[in-house]
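**Q** Sequence:
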Amino acid sequence: MSENHYQPLDEETLFLVSQTFKALSDPTRIRILHLLFECELSVSMIAEALHLNQSNVSHQLRFLKNLRLVKYRREGKTVFYSQDDEHVMRILQQSIDHATHH
1 MSENHYQPLD EETLFLVSQT FKALSDPTRI RILHLLFECE LSVSMIAEAL
51 HLNQSNVSHQ LRFLKNLRLV KYRREGKTVF YSQDDEHVMR ILQQSIDHAT
101 HH
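So the sequence shown is residues 1 to 102, counted in UniProt numbering.
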């Protein structure tokens, strides 16, 4: 790559990329995102499926929501979460594929 075409990353981009990898560095968050590949689920459904307490799930979902990796919708008193970033989900799926490749 010639020096004339190199564009350094700005601070905001660096921060967002590092936060995305931070989100993907936590096993619980990976499990939650992997579960949300297929469908939207409530906090209690996620907690039950992953054998976690609801407070831990809520905490992790808040972290993921702040990075816009998950989105939510309210139905009555229940909040349903789903994945919200196809790019990051592809990175996660490729990482899973890489890890399981023999």
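Just to be clear, a hint being listed does not mean it is correct.
[As the list claims (entries may be wrong)] List of simulated lysine to aspartate or glutamate pairs, EDC-like, C-alpha gap at most 20 Å:
id : residue 1 : residue 2
1  : K22       : E86
2  : K71       : D97
3  : K77       : E40
4  : K22       : E12
5  : K22       : E48
6  : K71       : D26
7  : K22       : E75
8  : K77       : E11
9  : K22       : E11
10 : K71       : E86
11 : K65       : E38
12 : K71       : D85
13 : K77       : D26
14 : K65       : D97
15 : K65       : E75
16 : K22       : D85
17 : K22       : D10
Source of the hints: derived by calculation from the structure; they are not laboratory data.
**Q** For every hint, state whether the structure bears it out.
**A** Verification of the hints:
1. K22 with E86: With Cα atoms ~17 Å apart, K22 and E86 stay inside 20 Å; holds.
2. K71 with D97: violated (24 Å)
3. K77 with E40: Holds - the C-alpha atoms of E40 and K77 are around 16 Å apart, at most 20 Å.
4. K22 with E12: holds (15 Å)
5. K22 with E48: violated (25 Å)
6. K71 with D26: holds (19 Å)
7. K22 with E75: Roughly 30 Å separates the two Cα atoms, so the pair is violated.
8. K77 with E11: The given pair, whose Cα atoms are some 39 Å apart, is violated under the 20 Å limit.
9. K22 with E11: Distance ~16 Å between K22 and E11 Cα, so the pair holds.
10. K71 with E86: holds (12 Å)
11. K65 with E38: holds (18 Å)
12. K71 with D85: Holds, because 9 Å separates the two Cα atoms, which is no more than 20 Å.
13. K77 with D26: Status violated; Cα separation ~29 Å.
14. K65 with D97: violated (25 Å)
15. K65 with E75: holds (18 Å)
16. K22 with D85: Holds, at about 15 Å.
17. K22 with D10: holds (18 Å)
Consistency note: the structure conflicts with the earlier hints numbered 2, 5, 7, 8, 13, 14.
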